[in-house]
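Add chain B to chain A, keeping to what the hints say.
Residue numbers (the numbering used here), protein chains in the order written: chain A, -13 to 164; chain B, 145 to 284.
Hints were generated in silico from the structure; no laboratory data involved.
Errors might be hidden in some of the hints.
Derived CB-CB ranges, DEER-like [to be verified]: (1) A:ALA75 x B:GLN207: 38 to 44 Å; (2) A:LYS79 x B:ASP189: 52 to 58 Å; (3) B:GLN207 x A:PRO147: 42 to 48 Å; (4) A:PRO33 x B:ALA208: 38 to 44 Å.
Backbone N, C-alpha and C define an ideal beta-carbon position, used for all residues, glycine too.
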Amino acid sequence: MIQQSPGTVHGGQGAIATIATLPPAVCKVLSDLLGRNVTGKKVAPYPLASAARRIVAAFEAEDASSMSVCVFDLALVAYAGAALAMIPAGNAKEQVAAGHCEGVLLENFTEILNICRQVFQGPGRHILSPRLYLTKQEIPPHIAQALSAPKTRVDAEINIPGYGCGQLSIVNAIMLPV
Amino acid sequence: MLNEEDLSGNIVKRARDTNMRILIVDDSRAMRMIVRRTLRQAGFDGCAEVEAANGREALDQVQAVAPDLILSDWNMPEMNGLELLRELKRRGSSATFGFVTSESSPDMQVAALQEGALFFITKPFTADKFQSTLEPLLRS
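Excised from the complex, chain A in its bound form (with noise of 0.2 Å):
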């Protein structure tokens, strides 16, 4: 299971949470929309600046007023996009391999992500639908430098059973009032 990070983070209204709280509460989401037990255990982080096959997801308050960045590894993405319309595992593990994901597996991360966006709102916090950045180059520079010196960071690897692991960081999240 995910431990509690000894950082916190200030919400926009005063509330104060661990950013800890965002993985476990990315599983239940998963695991609400997937029909399966999706875990998360803490990982230790990884350079995000230099990490090659990635997709990069922006959740931005419609005020402006916060954005929390998401980073996915190729497994986390094609695993969940398969999972979402019981599509082979297979299929997924191939896309994998080949280093890309794309079709209706990155169609369905899409969804997946849209619903994931409750995950970071909250009272007086409407979060648009996110930005997605598919390759390094894509990623304008202020995402850029969050991801290279984020203020807040947690990393956690997602099983989705019948598919597999992948990896997924979040940082420079603001919390919801606790």
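Chain B only, in chain A's frame:
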């Protein structure tokens, strides 16, 4: 004497017997499939289901099949769910309309209900949620 379970079964059976037509509107193919699957799990397995990928396609389907129930996403290209609802009301549609969406802000829920939506189901959803939301509508 009927218990709650019997009552639910009868109501769902009634929906089946009356060949209820349900229009599922969502730009995600996977999500349309999941809504279909969840409807079946909730007992609406005998209903005729049709799909649309956005509000414009939904208007065509409404004209073609005259659905009894419309389950619509909010954010879609071409015409979003709220615009669809407004256009249906303008055209005098009597179909029962509700949102199945990842939008969950209270403001949007209020806006939806003010425009005439009868329910607001937030993704991710369960068969139980579908059943508890849709059954009262079938009773009335």
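Against the structure, the hints come out as follows:
A beta carbon spacing of about 41 Å between A:ALA75 and B:GLN207 agrees with the range 38 to 44 Å that was offered as a hint. A:LYS79 and B:ASP189 have their C-beta atoms about 33 Å apart, which leaves the hinted 52 to 58 Å range violated. The given range of 42 to 48 Å is respected by B:GLN207 and A:PRO147, whose C-beta atoms sit roughly 43 Å from each other. Between A:PRO33 and B:ALA208, the C-beta spacing of about 54 Å breaks the proposed range 38 to 44 Å.
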